[in-house]
Amino acid sequence: AQSVAQPEDQVNVAEGNPLTVKCTYSVSGNPYLFWYVQYPNRGLQFLLKYITGDNLVKGSYGFEAEFNKSQTSFHLKKPSALVSDSALYFCAAGGATNKLIFGTGTLLAVQP
Amino acid sequence: DTEVTQTPKHLVMGMTNKKSLKCEQHMGHRAMYWYKQKAKKPPELMFVYSYEKLSINESVPSRFSPECPNSSLLNLHLHALQPEDSALYLCASSQVVGDSPLGANVLTFGAGSRLTVL
Numbered sequence: 001a002q003s004v005a006q007p008e009d010q011v012n013v014a015e016g017n018p019l020t021v022k023c024t025y026s027v028s029g030n031p032y033l034f035w036y037v038q039y040p041n042r043g044l045q046f047l048l049k050y051i052t053g054d055n056l057v058k059g060s061y062g063f064e065a066e067f068n069k070s071q072t073s074f075h076l077k078k079p080s081a082l083v084s085d086s087a088l089y090f091c092a093a094g095g096a097t098n099k100l101i102f103g104t105g106t107l108l109a110v111q112p
Numbered sequence: 113d114t115e116v117t118q119t120p121k122h123l124v125m126g127m128t129n130k131k132s133l134k135c136e137q138h139m140g141h142r143a144m145y146w147y148k149q150k151a152k153k154p155p156e157l158m159f160v161y162s163y164e165k166l167s168i169n170e171s172v173p174s175r176f177s178p179e180c181p182n183s184s185l186l187n188l189h190l191h192a193l194q195p196e197d198s199a200l201y202l203c204a205s206s207q208v209v210g211d212s213p214l215g216a217n218v219l220t221f222g223a224g225s226r227l228t229v230l
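Protein sequence lines correspond, in order, to chains A and B. The working numbering puts the first sequence at residues 1 to 112. The working numbering puts the second sequence at residues 113 to 230.
Hints should not be assumed to be uniformly reliable.
Stated by the list, open to error - Heads up, simulated BS3-like pairs for lysine-lysine below, C-alpha to C-alpha not over 30 Å straight-line:
| id | chain 1 | residue 1 | chain 2 | residue 2 |
| --- | --- | --- | --- | --- |
| 1 | A | K69 | B | K121 |
| 2 | A | K49 | B | K121 |
| 3 | B | K134 | A | K69 |
| 4 | A | K22 | B | K153 |
| 5 | B | K148 | B | K165 |
| 6 | A | K22 | B | K130 |
| 7 | B | K150 | A | K77 |
| 8 | A | K58 | A | K77 |
| 9 | A | K49 | B | K131 |
| 10 | B | K152 | A | K58 |
| 11 | A | K99 | B | K131 |
| 12 | A | K99 | B | K150 |
| 13 | B | K153 | A | K49 |
| 14 | B | K153 | A | K69 |
| 15 | B | K148 | B | K134 |
| 16 | B | K134 | A | K22 |
| 17 | A | K99 | A | K22 |
| 18 | A | K77 | B | K134 |
| 19 | B | K130 | A | K49 |
| 20 | B | K150 | B | K121 |
| 21 | B | K150 | A | K22 |
| 22 | B | K131 | A | K69 |
| 23 | A | K22 | B | K148 |
| 24 | A | K99 | B | K152 |
| 25 | B | K148 | A | K77 |
| 26 | B | K153 | A | K58 |
| 27 | A | K49 | A | K69 |
| 28 | A | K69 | B | K130 |
| 29 | A | K99 | B | K153 |
| 30 | A | K22 | B | K152 |
| 31 | B | K152 | B | K121 |
| 32 | B | K148 | B | K130 |
Hints listed in this document are in silico derivations from the structure and should not be mistaken for laboratory results. The structure displayed is predicted, hence computed values, not measured ones.
Produce the complete structure using the sequences and hints provided.
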């Protein structure tokens, strides 16, 4: 069965510090991996995706993610966090099916 | 136009009412989706339309009835809902690329319709 795990319900980081939001996946076939962000009372916004190619994927708003096939991970990173980055982050994976599987979400809180 | 527009933004309805949620996109996307989201939880897939045909129904109760009248519009008809159906209902769209699975495509989400069932 396909699954996506986000082991941390919440990540706290000080503004200016680097941030990491963790994600591991289990899908059949080649994985298609995504990160989405959701601000309060809004829909989800696409940040970045990995389909194939370079393991380091760069996305919107200075975010990047590293695909690690051996660890089946796709962690989201940013070198310097902003207070405005505070939001709910979802990792998602698609495989051989037509369904996108979402992780449980990680609330990122950036303190000024 | 790179938006998915959902109306209404807020809806309060009684358990005997009939109402509809509407979704519109003009990006030429041929796949459209309905998701249900409870607070601070991931979106749960309800329905997928591909080329205006229903391709996935995630065993959703019949009190939710989807409709895709054309390639730009997606409706969700609501009837005899229960209080536990109160949630944010998200519409999304994506391209359909050859034989690639829909799960390989980026979803563009609307802002959602917040439904409260009394």
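Hints, verified against the model:
Taking the CA atoms of K69(A) and K121(B), the gap is about 40 Å. The hint is violated against a cut of 30 Å. Using a Cα cut-off of 30 Å, the hinted pair K49(A) and K121(B) holds, with the two alpha carbons roughly 29 Å apart. With a C-alpha separation of about 40 Å, the suggested pair K134(B) and K69(A) falls outside the 30 Å cut-off, and the hint is violated. Between K22(A) and K153(B) the alpha-carbon distance is near 17 Å, which keeps this suggested pair within the 30 Å criterion.
About 20 Å separates the Cα atoms of K148(B) and K165(B), which keeps this hinted pair within 30 Å; it holds. At most 30 Å may separate the alpha-carbon atoms for a hinted pair to count; K22(A) and K130(B) exceed this at roughly 42 Å. Of the supplied pair hints, the one linking K150(B) and K77(A) holds, its CA atoms being roughly 26 Å apart against a limit of 30 Å. This hinted pair checks out: K58(A) and K77(A) have alpha carbons roughly 10 Å apart, not beyond 30 Å.
Annotation: proposed proximity of K49(A) to K131(B) is violated, straight-line Cα distance about 36 Å (limit 30 Å). Simply put, K152(B) and K58(A) have alpha-carbon atoms about 26 Å apart, close enough for the 30 Å limit, and the pair holds. Of the pairs offered as hints, the one joining K99(A) and K131(B) holds, with about 27 Å between alpha carbons and a cut-off of 30 Å not exceeded. A hinted pair counts as satisfied when its Cα atoms are at most 30 Å apart, and K99(A) with K150(B) qualifies at roughly 19 Å.
The suggested pairing of K153(B) with K49(A) holds, with an alpha-carbon distance near 21 Å, which does not exceed 30 Å. Under the criterion of a C-alpha separation no larger than 30 Å, the hint pairing K153(B) with K69(A) is consistent with the structure, at around 27 Å. Restraint check for K148(B) and K134(B): the C-alpha separation of about 14 Å stays at or below 30 Å, so the hint holds. With a C-alpha separation of about 35 Å, the suggested pair K134(B) and K22(A) falls outside the 30 Å cut-off, and the hint is violated.
Straight-line distance between C-alpha atoms of K99(A) and K22(A) comes to about 21 Å, which keeps the hinted pair within the 30 Å bound. Restraint check for K77(A) and K134(B): not satisfied, since their Cα atoms lie roughly 36 Å apart, outside the 30 Å limit. A hinted pair counts as satisfied when its Cα atoms are at most 30 Å apart, and K130(B) with K49(A) does not qualify at roughly 39 Å. With a C-alpha separation of about 15 Å, the suggested pairing of K150(B) with K121(B) holds against the 30 Å cut-off.
Proposed proximity of K150(B) and K22(A) is supported: the alpha carbons are some 22 Å apart, at most 30 Å. A threshold of 30 Å between alpha carbons decides the hint, and for K131(B) with K69(A) the separation of about 46 Å lies outside it, so the pair is violated. Of the pairs offered as hints, the one joining K22(A) and K148(B) holds, with about 24 Å between alpha carbons and a cut-off of 30 Å not exceeded. Proposed proximity of K99(A) and K152(B) is supported: the alpha carbons are some 21 Å apart, at most 30 Å.
Using a Cα cut-off of 30 Å, the hinted pair K148(B) and K77(A) holds, with the two alpha carbons roughly 28 Å apart. With a C-alpha separation of about 26 Å, the suggested pair K153(B) and K58(A) falls inside the 30 Å cut-off, and the hint holds. Proximity of K49(A) to K69(A) is assessed by CA-CA distance (about 15 Å); at most 30 Å being required, the pair is judged to hold. The suggested pairing of K69(A) with K130(B) is violated, with an alpha-carbon distance near 48 Å, which exceeds 30 Å.
This hinted pair checks out: K99(A) and K153(B) have alpha carbons roughly 17 Å apart, not beyond 30 Å. Proposed proximity of K22(A) and K152(B) is supported: the alpha carbons are some 17 Å apart, at most 30 Å. At most 30 Å may separate the alpha-carbon atoms for a hinted pair to count; K152(B) and K121(B) meet this at roughly 18 Å. In summary, the hint linking K148(B) to K130(B) is supported, as the alpha carbons are separated by about 18 Å, within the 30 Å threshold.
The structure does not agree with the numbered hints 1, 3, 6, 9, 16, 18, 19, 22 and 28 stated previously, though it agrees with the rest.
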